[in-house]
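Asks: Listed below are the residues making up each chain.
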Amino acid sequence: METIRDLIPPPHIEGIKHFVDFASVDEILRSKNFRQGSHQESQPFFGDSLLTIDQDAHFERRRLQAPLFRKEALEYYEHKELLPLIESALQECKETRNESGEVRADLCALVRTMLARISAVTTGIDGVDSQERTDAFRTYIEQLGTGATVEWSTEDHSTVISRILKIREGFVDEFYNPSVARRLDLINKFRSGDLSEDDLPRDLLTLMYLHWNDDWDDELPLREATLYLVASSQTTTHAIPHLMIHLHEWFEEHPEDYEKRFDREFLKRAGHEAIRLHLPSPALLRIALKDVTLSNGVEISEGERVACLFTPANRDEKVFGADARKFNPYRDTANAKPWGFAFGGGEHTCIGRTLVTGLSARTDNDDGTDGTLVNIAHALFRAGIQLDPNDLPTYTELSHHDAYGRFPIILKDL
Amino acid sequence: MKKNNTFNLKVDVEICQGTAYCVRVAPKLFKVGQNSTAEVTKADPGQEFEELIIEAATLCPTRAITY
Ligand code: HEM
Ligand code: SF4
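As they're listed, the protein sequences go chains E and H. Sequential numbering from 83 applies to the first sequence in the working numbering. Sequential numbering from 5 applies to the second sequence in the working numbering.
The shape of chain H in the complex, shown without the other chains:
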């Protein structure tokens, strides 16, 4: 969580395996990029995304998502 109450959403590309499970639960926040790993598409998502972010981070098989 950043000072302005937005999430510091990140994908660790060394860990991500491109399963796209994050994209399936939160297409507004992630996409699978050119190198077959996930990318965050929305910079600094706000509080309204909290549940979605936690669900994606927990569901991610490799737990590559931090926030």
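Bound conformation, chain E alone:
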């Protein structure tokens, strides 16, 4: 099966200068001469959120949100939230056991369920529990994601924005408002001394309301929450099927490694390779703040938008070796981040990266965390994941982007 495809440049970057080699992308992302260039039209959904602000405002917002990603917070989240959520989603699969005793599932749907619940926890949205509620919530996030990427839409953009704003009202009534109300109540109890800080939820919305800034407009937490929900769920959902198919093929070609399916270090390296090769978003845009000449001589004028194409940059042989286009969990990436630009670069580097890849040991005497990719892959192997040889995964037809649409699996040990 073909599991690694070349990037077809998306239509929205036609006519924009774009960069495909590692060195230029690195230079642009690091440079102080560029600012965020994506999400110009999607202000109603993402406006003034962390992703769209720059310089001092970005530094302050990132500083405010950083405690969500402290070592203790990551450990708490991994053990108290992530692992139970993965386990319960797998247990729910048992209900679909067929007459021959087999548990079959679609990996894309299973991972979407897991990630909807996981992203709800980190953002601070309650009640994403039953399958029905999870499906409703997930559909909202997908729609909000469409609104947030309206720039790339082939429909009339203002029609998309008004349609999604209407849909967002449903999300606000059903999920967002009750979650905020509960948090405000808990924060009041904390302020009056009836609750300790440790008993407050550890999520984005609690943090924002606890440290409210009068310069914010009332809807900013909603837009920030939208960013967190879209950024955390759709990206990881994209990565897991790629990781599992690569591991499946790797074990077929290297049967001696099959025992490593429970080896967390091996799974971690495999996860890095999967996200290096398969990017959830094909291009990142930046705008030049002044006339710039890159080291390779390319000139960019003040105000010009440029696109960084991560897929080719992450397969640059100068950095990742002659087999850069291939999946290789033993790759030596001593001179670069093992995931390349999967999490972007510079100031806007993904704040959630440590949730996904885990935090390698910060200090000399602790283990760090493993992250979502390793924990989900590990749980799937424990559940005895197998592909169905008669019904292999297929790519989605809904977009030209590198994503699976159907991924039938058998969980033989459930």
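Keep in mind that the hints were calculated from the coordinates and are not lab data. Treat the hints loosely; a few may be bogus.
With a straight-line cut-off of 30 Å between C-alpha atoms, the simulated DSBU-like cross-links for lysine-lysine are [to be verified]:
id	chain 1	residue 1	chain 2	residue 2
1	E	Lys-408	H	Lys-32
2	H	Lys-14	E	Lys-153
3	E	Lys-99	E	Lys-114
4	E	Lys-372	H	Lys-35
5	E	Lys-114	H	Lys-14
6	H	Lys-14	E	Lys-400
7	H	Lys-32	E	Lys-114
8	E	Lys-153	H	Lys-46
9	E	Lys-99	E	Lys-408
Here the structure is a predicted model, which is why all the values come from computation and not from measurement.
Model the placement of chain H with the ligands on the given structure of chain E, informed by the hints.
Replies: Showing chain H with the ligands alone in chain E's frame:
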């Protein structure tokens, strides 16, 4: 943490992207050097720097700081 109760503060220069966010929160501990990556300016910082070190390490967009 070293045996003498000081922090083994380091910046992984392969990961650092020179954002200088660490310098903004802890100018006594970091500076951005010649090659546009951060450098630790205070060898073996003691316990009194613990909060600052943790804040810088967590805020660092690329999580290049270990201690
Ligand atoms: C495989 C999973 C993920 C991938 C590949 C990914 C990728 C990215 C990329 C490329 C950026 C930079 C965008 C830019 O510079 O324009 C980014 C930013 C961001 N990501 Fe992630 N992400 C992932 C998971 C997560 C998770 C789990 C969260 C949860 C909190 C998250 C939250 C964010 C936020 C809030 C930003 C904006 C950061 C800023 O602008 O300072 N992401 N992500
Ligand atoms: S905050 Fe991190 S990425 Fe930025 S200069 Fe300091 S060590 Fe480097």
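Asks: Between E:Lys-99 and E:Lys-114, does the CA-CA distance stay at or below 30 Å?
Replies: holds (19 Å)
Asks: Quick one, are E:Lys-372 and H:Lys-35 close enough, alpha carbons at most 30 Å?
Replies: Given that 30 Å is the threshold and the Cα spacing comes to 25 Å, the pair holds.
Asks: Check whether the Cα positions of E:Lys-99 and E:Lys-408 lie no farther apart than 30 Å.
Replies: holds (27 Å)
Asks: Going straight from one Cα to the other, do H:Lys-14 and E:Lys-400 come out at no more than 30 Å?
Replies: Holds, at about 27 Å.
Asks: Given the hint that E:Lys-153 pairs with H:Lys-46, test it: the Cα-Cα distance must not exceed 30 Å.
Replies: holds (23 Å)
Asks: Quick one, are H:Lys-14 and E:Lys-153 close enough, alpha carbons at most 30 Å?
Replies: Answer holds: H:Lys-14 to E:Lys-153 is near 17 Å, not above 30 Å.
Asks: Straight-line Cα separation of E:Lys-408 and H:Lys-32 no greater than 30 Å?
Replies: It is violated: about 44 Å lies between the C-alpha atoms, which goes past 30 Å.
Asks: Does E:Lys-114 lie within 30 Å of H:Lys-32 when you go C-alpha to C-alpha?
Replies: It holds: about 23 Å lies between the C-alpha atoms, which stays within 30 Å.
Asks: Are E:Lys-114 and H:Lys-14 close enough, with their CA atoms no more than 30 Å apart?
Replies: Distance of about 24 Å is within 30 Å: holds.
The earlier numbered hint that this structure contradicts is number 1, and it is the only one.
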